[in-house]
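Chemist: These are the residues of each chain, in order.
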Amino acid sequence: MPDRLCPKDFARGIGVIFTREINAYFDTPIAYIYASVFLILSCSTFMNAFFLNGVLEMAPYFDLLPFFLIPFIPAITMRAWAEEYSQHTIELLMTMPLQSIQIVLGKYLSALVFYLIVLLGTTPIVLMLLFLGSPDLGLIFSSYLGALCLGAFFLSFGLFASGLTRDQIVAYVVAVLLGFAFVLSGHEKVVEILDGLAPAYHVGSLLYESLSIAPHYRAFTRGIIALPAVLYFSLLSIFFLWMNDLSLKRDRG
Amino acid sequence: MRRQDDSVRRKALNFEVVYHKFVPIYPLCSPFPTPNSDVNIDFPYPPMIRVTDVAKWYGSIRAVENINFSLAPGEIVGFVGPNGAGKSTVLKMLATYLLPTSGKIIIDGLDVVTHPLSIRRKIGYLSGDTPLYQAMRVDKFLRFCGKARGLSGNILDKKLAWVVDICGLSPHLYKRIDQCSTGFRQRIGVGAALIHDPPILLLDEPTHGFDPLQVLAFRDLIQSLSENRIILFSSHIIHEVAALSDRVLIIHQGNLLADGSIDNLAQKTGQSRDLEAIFAHLVRQQNCGEIAHA
Chain W
1 MPDRLCPKDF ARGIGVIFTR EINAYFDTPI AYIYASVFLI LSCSTFMNAF
51 FLNGVLEMAP YFDLLPFFLI PFIPAITMRA WAEEYSQHTI ELLMTMPLQS
101 IQIVLGKYLS ALVFYLIVLL GTTPIVLMLL FLGSPDLGLI FSSYLGALCL
151 GAFFLSFGLF ASGLTRDQIV AYVVAVLLGF AFVLSGHEKV VEILDGLAPA
201 YHVGSLLYES LSIAPHYRAF TRGIIALPAV LYFSLLSIFF LWMNDLSLKR
251 DRG
Chain B
1 MRRQDDSVRR KALNFEVVYH KFVPIYPLCS PFPTPNSDVN IDFPYPPMIR
51 VTDVAKWYGS IRAVENINFS LAPGEIVGFV GPNGAGKSTV LKMLATYLLP
101 TSGKIIIDGL DVVTHPLSIR RKIGYLSGDT PLYQAMRVDK FLRFCGKARG
151 LSGNILDKKL AWVVDICGLS PHLYKRIDQC STGFRQRIGV GAALIHDPPI
201 LLLDEPTHGF DPLQVLAFRD LIQSLSENRI ILFSSHIIHE VAALSDRVLI
251 IHQGNLLADG SIDNLAQKTG QSRDLEAIFA HLVRQQNCGE IAHA
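So the protein sequences, as listed, match chains W and B.
Take 1 as the starting number for the first sequence in the working numbering and just add one per residue.
Take 1 as the starting number for the second sequence in the working numbering and just add one per residue.
Source of the hints: derived by calculation from the structure; they are not laboratory data.
Among the hints, a few may not be true.
List of simulated lysine-lysine pairs, DSBU-like, C-alpha gap at most 30 Å [claimed, not checked]:
id, chain 1, residue 1, chain 2, residue 2
1, W, 8, B, 158
2, B, 140, W, 8
3, B, 147, W, 249
4, B, 158, B, 147
5, B, 147, W, 8
6, B, 140, B, 175
A few chain B residues facing chain W, derived, Cβ under 10 Å [what the hints assert, rightly or not]:
id, residue
7, 97
8, 119
9, 268
The structure displayed is predicted, hence computed values, not measured ones.
Backbone N, C-alpha and C define an ideal beta-carbon position, used for all residues, glycine too.
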């Protein structure tokens, strides 16, 4: 009978890793720097559009969010595994009575909470809109939910990329490239170019419909919380977390 | 020799009492077959670790092969060999970090492949690279290790106090690990391996970075811990192994060359009771064998 953990012990193990990881984010100034840079860039871009358009909505912010997340999320996740390998603490973790999936989930949840904290840094925009008038709060809520799903998905493949290598820079570059692939495959111009390259196969349209985050994320930013979109982000996140777990198991030989 | 056997037996008796008193959740293993190694050791009690025909390959590179030995409670066993001989690989397999490519490792009746979690609860392992989270404070790091091993509340506080005491960690307990000296970091690593009071201690190059006084203190610590535990430690410093071990495993180029007490090995190889001479003799013998085979 192979080792099994009861749900309580399983959750406890995740909690131990989660606590260490979330503290690790705030133990170093780098997390504060990432968060500040992200918030300053994304909010200032929005404010520029807001004052030009003069419309009480957050759509410009959420439209640009995927492009800001491409460099930001890999910066959060690149150290997650690569640092464990470079400091050899991976041996410490993997010889503790924890399943590798508990460690993966602990790291993932801590990164997700850190991302949520950063996302909460944008709430002054909502307060400002409320102060100035009556924005569509339902639309803002669904857009935030979309941003959460998007971030959760980016984090999952960022962690996966970090687990593939011992070098943080390589992990960062791999995750950024994956991010670009998922975001740009939904861009109209990219779809047109890819369709034009192989008109018989409609590669661009195929990628747009099957792989790209664009149609799913857009649903949220239009105020629609659609089940297919939630499933898309959830299943892909689970897939990358599972791959991350597999890559750890593979390392045991 | 007889005195040593008596000592081992005495340790075994102590083990029975102390072991069940402090760690009642670990049942003693089911009867094992007799050890299959170069030197037959008559255990007065069943061995707790049994390694049978273990090999580890990294792709096409052979790390170790035909590794056979058994370890019983109360033993301090030194694992000696030059750098790259395969000591760390064997320890990593015992600690369940690596899986053996072939062969079997049974610890307290459980297979490392199918029951890694149960085995990890019984093992304290210090890797040769001294894996520590540099940005963490010493006390927080030890607490993390304890919590990950299922300790909490008063028990965790008591174990932490015990580890801080025996490893001499109190002077820098509230410092960040990256502000501690190499020797102190090594002591933190030993403390982390001991935090759950495991019946098996696997230490890979534990005295790396120690000054001579720290080495002496470490020897005392290991001696004091050995009564109710298996302690397997690796080193490429032969006199250190000779000073501390009841028994020695000699490994070279991935092969276990010998297994036994220094007296036993001296007798077998016809050398003086000098581990360095025994080691050199065995390595020469292996090299000659390889040349003859070629």
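Chemist: It remains to establish, for every hint, whether it holds in the given structure.
Modeler: Hints and how they fare:
As the CA atoms of residue 8 of chain W and residue 158 of chain B are separated by approximately 24 Å, the hinted pair is consistent with the 30 Å bound. As the CA atoms of residue 140 of chain B and residue 8 of chain W are separated by approximately 23 Å, the hinted pair is consistent with the 30 Å bound. Our distance criterion of 30 Å between C-alpha atoms is met by residue 147 of chain B and residue 249 of chain W, whose separation comes to about 23 Å. Simply put, residue 158 of chain B and residue 147 of chain B have alpha-carbon atoms about 13 Å apart, close enough for the 30 Å limit, and the pair holds.
For the hint pairing residue 147 of chain B with residue 8 of chain W, the CA-to-CA distance comes to about 14 Å; that is within 30 Å, so the pair holds. A threshold of 30 Å between alpha carbons decides the hint, and for residue 140 of chain B with residue 175 of chain B the separation of about 10 Å falls inside it, so the pair holds. Against a cut-off of 10 Å between C-beta atoms, the interface hint on residue 97 of chain B holds, since the closest Cβ of chain W lies about 5 Å away. Taking 10 Å as the C-beta cut-off, the interface hint given for residue 119 of chain B holds, the closest approach to chain W being about 9 Å.
Nearest Cβ of chain W to the Cβ of residue 268 of chain B: about 34 Å, over the 10 Å cut. The hint is violated.
Of the numbered hints given earlier, the model fails hint 9 alone.
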